[in-house]
Amino acid sequence: MARAIVRGGGVPSGSAGKQGMRRAEARSILYRRVAVIVILAVFLLPLLWLLSTAYKPTRDIFATPPTLLFSPTWSNFTSVFRYFDLPELLWSSIVISLGSTVLSLLLGVPAGYALARAKFRGAVGVAYFFLAIRTVPPVATLIPFYILMRDIGLLGTWWAVILINTSLNCAFVVWMMYAYFRSSPISIEEAALTDGCNDWRTFLTVALPAVVPGIIASAIFCVMFSWNDFLFAMFLTRAETKPISVALLSAYGTKDISWGTLGALAHFSTLPIILMMLFLNRYFVQGLTKGVN
Amino acid sequence: MTDLALPISRSPRNAMPYRTRRRLFLLLMVAPAIVYVVLIALWPLAQGIVYSFFDYSLLRPASTSYVGLDNYRALFSDTTVRTALVNTFLFTFGAVALEFLFGLGLALLLWRDDRFNRICLSLLLIPVTVTPLVVGLIFKAMLSPDYGAIGYFAAEWGLSGEHGFLGETSSALMTIIMIDVWEWTPLMALILLAGLKSLPTDILEAAQVDGARPLQRFRIVVLPLLLPSTFLALVLRMMDAFRVFDIIFVSTGGGPGDATDTLMIYSVKQGLQFFNVGFASAIASVMTILIGIMAVIFILVVKPAEARNG
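Sequence lines, in order, name chains Z and D. For what it's worth, this note's numbering labels the leading residue of the first sequence as 1, then goes sequentially. For what it's worth, this note's numbering labels the leading residue of the second sequence as 294, then goes sequentially.
For reference, chain D alone in the conformation it holds in the complex (with noise of 0.2 Å):
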């Protein structure tokens, strides 16, 4: 961040400082993206909370009123938006655990650099370009105990239920959560491969020397370094999974009963499928507050830790 060279102008044509004109021509290029922004993402946002405390439907927008906190009130003591609470959870720091040990797994397999391994990175990540939708499909038919690849053979031979792995309430959301493992491991892989290869050689080199066995080098060494270098990433990778919706709604529709319903899925059915915008931004609204705790958690832990590594 250093100083610009300040060219001192003297036609009068630039009366204005060049610093003020330098400040003002870069103010300019970013107010468009800032506008349209705050139109069109944060002004619906601000418009949904204020939604929340209406009891608006689509269906009867004559009828709407100001009700306060009921549509909260009411979200607290329906069953479903508790379930949906657990489930999304559960699919969030599950997915995203797994995710982060298959993914560590195989960029530790990836990670000398050659072209066999840089050709089969490149096929991994087909997985990630897939139409969400179509893995749900994918996934639909190949586990359906009828006619799929993998599900006729794991109900013939007593692994998953009658209905399949999708159809029990017992494993749906356990195999949601491994479809998304499947679509999001490759990318987990690649981020942490990029982590590894930005590792300082000469520490490695001198652990190594210092007769640290691979399994203590790995965990003195490798992770601690690699840790700091891909919290963000796997933040991220964790909202996205908190608000996964294609997946689930193709595959299961959030069933059976609500064996795989999330706040994201309930709330779009709620909203768009039965039009009640007030309840529905209730809880779109406190999916937003749950995102904001984690941003605010992971602003808390990542500024001391960059201090500490300088």
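Chain Z on its own, in the form it takes in the complex (with noise of 0.2 Å):
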């Protein structure tokens, strides 16, 4: 394999008949290309799978064998509607997911543009620090934080996921930004501030709009944790407060649901993610890059 690939880089061959060079390039593209739809197809179908079998009445989907023929069906998604509060269970993702999405920018935002500018030598370590919070075990926080909102009175609520998933959340907006205000040219801020512009307005006015597609990111990974988040979720809120993962979960459990209802269900929970994905592709890609470098 890796004769291919280190011609891919783009490095110049010289030498040899260059006609032939040229046919052996496309050939050794077209071969790259074949495995790697190949391997596309390896990642896409268990999803489309799982997706698809919404479309199946249950005799087809316990077919033995399993059959790739089946007569398409609406009633699984109808039966989705029967058994489940749907616009009740997206409003409470919804909700959760905003909330810690807001809160953590509001918080992560200025701390990262803090540590970026700060001349003191210990704001790397800062940064540091935020980043080992992401890293802590999940389960360490999860039981006396569980403890501690059955105390306030706050478990059950939106409010105990919102601020443990913020927790988290803020602490990989401040990484993430520390790095985009790093990235991002210092010298514009210093002339406003010579102006006479003040600190606060320099950041409103110049500081941020330059990092646009680093708070674009950033939301997008706070609204993809807290959605797809069961953990905390599972524990923290009530049959009124669920958000759709915890549905689907104890919708696994019971007999009346058919995995037919589950595929319907999953297009809920999994679709809203996948295509914000594919719409800010550019700012997603250029965040995952960014934010563990």
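In case anyone wonders, no lab produced these hints; they're calculated from the structure. You can trust all of the hints, since none of them are fake.
Looking from chain Z toward chain D, a few residues come up when the C-beta cut is under 10 Å (computed):
(1) 62
(2) 198
(3) 288
Under the rule of at most 30 Å between Cα atoms (straight-line distance), these lysine-lysine pairs were calculated in the DSS-like manner:
(4) 490(D) / 18(Z)
(5) 490(D) / 290(Z)
(6) 290(Z) / 119(Z)
Please read these numbers as outputs of a predicted model, since none were measured by experiment. From the three backbone atoms N, C-alpha and C, an ideal C-beta is built for every residue, glycine too.
Reconstruct the complex from the two isolated chains, following the hints.
This is the structure:
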């Protein structure tokens, strides 16, 4: 494999007949594309398969041997509405993820800015402290947090989930925005400050607009993390406040609920995030590479 | 890190020198996040360490008593903990090693920057965004020996035991690792690809002009340049794998027996299902310590490497 590889780096190959080189080059690109398509299938088919169960009648899902052919039906979607209060589940997920995202950005963006601009040596250490917070095993904080929420009467509310999600998300945002602010030029800010613009206005009108892609990326990740979380939500919410992820899990253990219904419910749990990622792909990719380097 | 230009303000309103004012401003910007994280993350973490020295069960909170290191002693003589510890490490290193290998292969395939590769990369990232819970469900269903698209044929052709890949003690952990690999390889590929694209082209060209064969070029030039820039990503992925919960909880729940129990799964079970807060906190504290050790090793390895590369 390595042969195709290193040539792919855009390194011009010298010598040999040019015509032959070009043909070999074209062939190697073709081989690589075929390989990529096969790999793509491996990564996408399992998801498509689960989603496709939503359109299958139960007897086709459990057909032995499993078959590719089925008579499509909408009945699984109607049973989703029969068994679940879908708008309420989605509303919970939206409140939890947006609540945590807004809170994390409000806390994390200014902190990332301060750490990137501070001339104090320990700033890097503080940035690493935020990174470290994200690596703490969630169970270590969840159990005491659960007891704390019970004692102050927030257990079972959206607040409990939003608060604990925000502690991880805001640490992530600080780290990410620290990276974005550090790579954004400081000279315009200096000019604004010398011209008598105060610190706060310089931050809002000069520094922030320069890192909008970073803010979008941070928001995408916060929404994704809290929408996809179910460990925290499982233990911290109750029936009326549970998000769609928890509903999926409890549905899975229930006899009445078929795989078809689960597949239909999974649409509402996965598609919003997948669509968000595809629409904002540029920011997502940039954020992923920046947030970990 | 150049010094900010210092505007000298003479208005009486700004009696404080600029430097102090600027410092105070930056401190106020970072303070809320620090306070928040200390209160909502560090404080519970410390509380958990305190709990680990108590015999504390939510089912009988009245009989809570200080037991010193008893929970830790119980933990080291508990066979499930021992299995969970081994499983956690097998899972962490197995999954991350495979993700690195496959991710590297994939990154090399996608190295050429064209439209086709960019579109494929976006589509490849879909598994990363899928709720881990759903990932567990997908494979639970696909691998079912009774009706799963893969599991049925695997059982029929004798590739898996009659309980399927997830249902047999011998194959369950490996299967969980493969599920994690499915979920996270694209991310690894993306990170390695970003690393590849940032390699200095002149060095690659020089190696080629010098007549290095592709494999040599890869081993001597590409890999040594790629590793430092992606090391942090590897360590972070490793720490994430170390505390994996969702996919195991959904697909096997730690079973069959304790074949796929990890420290994370076992402590959640002990703490939030059996309400043995003291014991669960001891497991969680051990996990935190192990993560800390990984972080220290990382710092010891990275600092010298950074110093070498300037």
